[in-house]
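Colleague: For reference, the chains in residue letters:
2 protein chains.
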Amino acid sequence: MTITLYDIPSTVPGSAFSPNVFKTRMALNYKGLSHKTEWVEFPNIAPRMKELGASPTEGMQYTVPVIHDHSTGKIISDSLDIAQYLDETYPDTPRLLPSGPGIAAIFESFFLPSIMPLPKLMQLPEFPKLNPASHAFFRKSREEWGKCKLEDLLPPGPEREKCWLKVKQGLDKVAGLLDKNGKDKPFVLGEQITYAEFIMAGWLVWVKIISEEDWAPISTWNDGRWEKLLQMTEKYRTIC
Amino acid sequence: MTITLYDIPSTVPGSAFSPNVFKTRMALNYKGLSHKTEWVEFPNIAPRMKELGASPTEGMQYTVPVIHDHSTGKIISDSLDIAQYLDETYPDTPRLLPSGPGIAAIFESFFLPSIMPLPKLMQLPEFPKLNPASHAFFRKSREEWGKCKLEDLLPPGPEREKCWLKVKQGLDKVAGLLDKNGKDKPFVLGEQITYAEFIMAGWLVWVKIISEEDWAPISTWNDGRWEKLLQMTEKYRTIC
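As you go down the protein sequences, you meet chains A and B in turn.
Read in order, the letters of the first sequence correspond to residues 24 to 263 in our numbering.
Read in order, the letters of the second sequence correspond to residues 24 to 263 in our numbering.
Among the clues, some could well be false.
A pair holds if it fits inside one copy or across any two, identical chains being indistinguishable in the list.
What the hints assert, rightly or not - List time: in silico DSS-like cross-link candidates among lysine-lysine, alpha-carbon distance up to 25 Å:
#1 K231 / K152
#2 K208 / K54
#3 K206 / K97
#4 K152 / K163
#5 K54 / K97
#6 K196 / K185
#7 K170 / K185
#8 K97 / K203
#9 K97 / K208
Because the hints were derived from the structure by calculation, they are not lab data.
All chains, full assembly: derive it from the sequences and hints.
Modeller: Dropping the structure here:
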């Protein structure tokens, strides 16, 4: 075992859920790098990461994914920085960022706003998928962020439907732009899968794991493109 | 002469100004494809393009750039479609879209909102750079779009300053993401110049041509990155 991947456990049997950690897990499996998951409940992330000496990410918060590469001693935070580190450290494995990290960062800066307000939609259904040890922390942080009770954060109803319509319009836009590549270049960067596919699949598999009910319509959008993306990347989501 | 490029003339000696046509001009020169510009004043674009049999672009409007490739008989509208056509039709020339058109379309869908409200800022200083034959058409279309007199569309003052600050923040963001590539991969797609550079240079050279005064501060932003981009792409803006 050479790399430890830190992730948050879930009540879904045999599954993780964190979209950002899934990006790193897919990156590790795609490269065929031996690794093992260490599970950390939400309230333990900051203390465990401080203890490890990991850097905080955006907004000076301690988050996952973090990897500890035991063969180099390096501890890396932030999914894109991890992808860059893996490409640089293991140059003989398939490249995640063949055109550099800049365009992957730009792709995510385009993709994530396109699927807004997906994160807001997922908080309420995510809650029961967490272990009780994470409940209080999750509720407090989400209620501060949403400025309302978790139960009032887009519960079923017309407002929630309107938000899903926005997600659909965003995915329509992404699909329309990617369709310019034609059938022989179905991937974001053309002919082969790269980290950009793992960015999209990380966010979308989150929906599928958390709520099959919410995923059902998405799986049919854009001629089944998103369902196919999840199928194509499934083998890289194996939990080690 | 094998390709005609349709563009809008300007009072700036020896210069064009249209940001979208500059993208195509840079593409043609980068590929070393022989071409000649045919100048069309604003009110004549739609009749001339209908006469040619060119397709309208977004919103069913007739716009430039349009190219007429006399060696194939093809008439192509829309700068990205033209880049794709040129890559496909002249595969032995340097590639504009080595990773396909999808990521270029996504890059532009990220870049253009990042530099908003640049188009609104440029309309008033652009007016005197047009020939009188385009004045009435330009004024009418911009006043309908801005819902105010052209002279009231961000004239000098605090509101205009605030808008430039937004442009600066957007360019800071783009520069920050591209900086992830490091010094050995300074371009959007890594090691070599592609159409993405022409997208940025097309929009930015527009500012420089229309208003040296507005360009002066931008040329210093992000360690002179944008000035360097214009210098590096200058040879591709030769007007044939």
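Colleague: At most 25 Å between CA atoms: does that hold for K152 and K163 within a copy, between copies, both, or neither?
Modeller: within (16 Å within a copy, 57 Å between copies)
Colleague: Under a CA distance limit of 25 Å, which applies to K206 and K97: within one copy, between copies, both, or neither?
Modeller: Intra 40 Å, inter 23 Å, cutoff 25 Å: inter-copy only.
Colleague: Under a CA distance limit of 25 Å, which applies to K170 and K185: within one copy, between copies, both, or neither?
Modeller: Result: close within a single copy only, 20 Å intra versus 29 Å inter.
Colleague: Between the shortest in-copy and the shortest cross-copy C-alpha distance, which are at most 25 Å for K208 and K54: within, between, both, or neither?
Modeller: Both, since 21 Å and 22 Å are each at most 25 Å.
Colleague: Under a CA distance limit of 25 Å, which applies to K97 and K208: within one copy, between copies, both, or neither?
Modeller: Only across copies: K97 and K208 sit 24 Å apart there, 36 Å inside one copy, limit 25 Å.
Colleague: As a check of your reading, is K231 near K152 (CA-CA no more than 25 Å) within one copy, between copies, both or neither?
Modeller: Result: close within a single copy only, 12 Å intra versus 54 Å inter.
Colleague: Indicate which option fits the pair K196, K185 if close means a Cα-Cα distance not exceeding 25 Å: within, between, both or neither.
Modeller: within (17 Å within a copy, 30 Å between copies)
Colleague: Could you figure out if K97 and K203 sit no more than 25 Å apart (CA to CA) within one copy, between two copies, both or neither?
Modeller: between (40 Å within a copy, 19 Å between copies)
Colleague: For K54 vs K97, is the C-alpha pair at or below 25 Å within one copy, between two copies, both, or neither?
Modeller: within (18 Å within a copy, 44 Å between copies)
No hint from the list above goes unmet by this structure.
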